[in-house]
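My request is simple: use the sequences and hints to build the entire structure.
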Amino acid sequence: MSKSESWGSRVGLILAMAGNAVGLGNFLRFPVQAVNNGGGAFIIPYLVCFLLMGIPLLWIEWSMGRFGGRSGNHSTPYILDTMHRSNFWKYFGVFGIFTNIGVAAYYCYIESWTMSYVYHSLIGTFQGMSQTGVADFFTSYVDIGKSTTGIPYEAVVFYILCLVLNTFILSRGLQGVEKAAKIGMPLLIGFGVFLAYRGLTLGTSGASAEVPGASAWDGLNFLWTPQFDSLTNPKVWLAAAGQIFFTLSVGMGTIHCYAAYVRSKDDIALNAVSAGFMNEFVEVVLGSLIVIPIAAGYLGLDWVKENAGFGMAFQTMPFLFDKWGPILGVMAGVMWFGLLFFAGITSSLAMGTPWMGFMRDEFGWGRMKGAWSFGAIVLLLGLPTVIFFQHGVFDEYDYWAGTVSLVVFAMAEVILFSWIFGMDRGWKELNEGADIRVPHIYRFIIKYITPVMLIAVFLGALLTPVGNEWTAAFSSLFNGDGWSLDNGSIIRQIANTGLREQIAAAQGTPELAALKDRLFYTNMARGILLTAFLGLASLVYLSGVRRLKNQRPV
Amino acid sequence: MNTMAMALMVSIQLLVTGMAVYFFYKVLTVKPKPEPDSYTDNDPV
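Going down the list, the sequences are from chains A and B.
Residue numbering for the first sequence follows my numbering, starting at 65 and increasing by one per position.
Residue numbering for the second sequence follows my numbering, starting at 2 and increasing by one per position.
Simulated from the structure, these hints should not be mistaken for laboratory data.
None of these values were measured; they are calculated from a predicted model.
Careful: at least some of the hints might be erroneous.
[Stated by the list, open to error] For lysine-lysine, the following DSSO-like pairs were computed, each having C-alpha atoms within a straight-line distance of at most 30 Å:
#1 329(A) x 27(B)
#2 511(A) x 492(A)
#3 246(A) x 32(B)
Here is the structure:
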């Protein structure tokens with residue numbers, strides 16, 4: 065990015081921030097979390113967590129970014145260092161670049177699926193295909209040895225195309241990112257409103273001889289009927305906190321980077337809530353009215369209960385859209401995958417900016433060099449997720465870079481902001497130039513409630529009990545029977561306990577070989593991510609040496 | 002759709018939409034800060 069890098073307009077900045085937050089999870093993760101955690105009652109802890117954790121985290125990250133930007137820092141290693149001079153925080157800030165590169169590596173792959181599916185919707189690939197046919201199409205697509213278009217290594221080609229597009233936009237600097245958000249966000253909302261309208265008005269018109277009782281209303285009932293007993297279940301609260309956390313793209317370092325280009329006298333408090341609520345509109349209003357009601361409207365509620373998940377986007381929706389006739393079906397397919405594409409690209413563009421900001425600040429790299437080097441690193445890290453997708457490399461990246469790193473970074477930054485940088489300075493920073501009066505209660509919430517909630521989310525992931533059954537786990541603990549960890553807990557994930565148990569129980573050579581392969585690729589993925597983290601930490605070290613030489617604050 | 006689910010859906014969606022529109026409207030209508038500000042589109046040519 066050039067020296068004169070800046071945002072074109074305030075609306076552009078807010079749309080870019082909202083675009084950063086709005087992702088595929090708004091349409092796919094949120095409704096699934098809701099149906100699995102008490103239906104309508106889930107929305108209550110969800111909104112409470114938004115007010116007590118989401119909004120405070122947005123304010124904290126905007127404030128940290130603008131504060132660091134004042135000293136010419138646009139990435140988290142030196143933003144954190146500016147707030148409290150110490151090597152610990154400087155190197156901890158590496159998470160704010162690492163996470164973005166790690167997530168972009170596999171996120172661009174999903175983005176490339178949406179790009180490819182727009183193309184396939186347009187040329188009518190899914191027309192007349194059975195439900196199994198559409199599901200099998202996806203399996204063929206991610207098997208790089210097969211091709212659905214005749215293009216050899218099609219998945220790789222689309223991945224590289226998607227990455228080149230991201231890199232090209234990034235090479236235009238913040239103005240390029242802003243322009244993409246100004247085009248992408250209104251289109252995303254427009255497509256979303258159209259599909260949500262269809263979901264809301266589908267009713268029982270999708271019932272067929274195979275599923276005579278199918279009704280979109282059943283899907284909405286299932287999603288919105290409150291089961292108040294779930295409010296006392298810690299699992300539901302942890303799920304709600306987790307959803308708020310991931311939907312707002314906090315703990316990544318992108319918000320810091322965007323906010324670092326805002327001057328001290330300009331508002332951040334109103335900008336943060338505006339972008340935050342825009343994301344909530346897309347998630348709660350549009351996200352709840354598309355996948356679940358449309359799927360229930362054609363396939364019935366029982367099918368939705370059994371199959372609700374991420375795969376529905378690619379393995380089910382094209383089949384359902386085809387029922388709307390040749391023209392509307394194609395339009396719906398283009399809108400659905402177009403919507404997911406815009407949701408994806410506005411997020412992946414944000415992931416490039418911390419790296420570019422860091423390389424410009426520390427090594428004087430321009431936009432072109434910064435953007436294309438980002439593209440090259442992401443390609444290097446991302447190709448294993450494409451080529452070894454079915455061996456679990458993708459899932460491993462998602463878990464460590466896209467889940468654990470975020471929680472760890474957010475927990476630490478809240479403690480830094482509230483307790484080390486200090487609430488007095490933090491509050492002053494947030495309110496400087498503010499166009500709204502931040503309620504005073506948030507001073508207390510940011511200092512006490514948000515850190516406790518984040519520590520709970522982290523401990524919840526670290527020590528997840530068997531079956532995620534917290535009530536039973538606490539009873540067991542208080543009865544003196546100890547705490548049994550789930551294989552999904554961070555501790556057990558590190559040790560690969562689940563996989564090792566599967567290997568021990570495997571019967572037959574092919575199954576055993578497949579599991580051993582998976583273990584190998586899992587460890588390989590971790591090795592790649594660790595190397596990337598250490599590489600970035602080395603760059604931070606080199607930048608420190610350069611700063612000493614140039615007599616800049618280290 | 003049952004009444005409870007309908008009531009919850011409509012009230013939550015209206016609340017979230019209302020808040021999103023309110024804050025965005027505030028952004029659009031608030032008086033801009035004097036130059037130099039953070040944004041280049043409104044800079045004098």
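Against the structure, the hints:
Taking the CA atoms of residue 329(A) and residue 27(B), the gap is near 18 Å; set against the 30 Å cutoff, the hint holds. A distance of roughly 14 Å separates the Cα atoms of residue 511(A) and residue 492(A); the hinted pair therefore holds under the 30 Å criterion. A hinted pair counts as satisfied when its Cα atoms are at most 30 Å apart, and residue 246(A) with residue 32(B) qualifies at roughly 22 Å.
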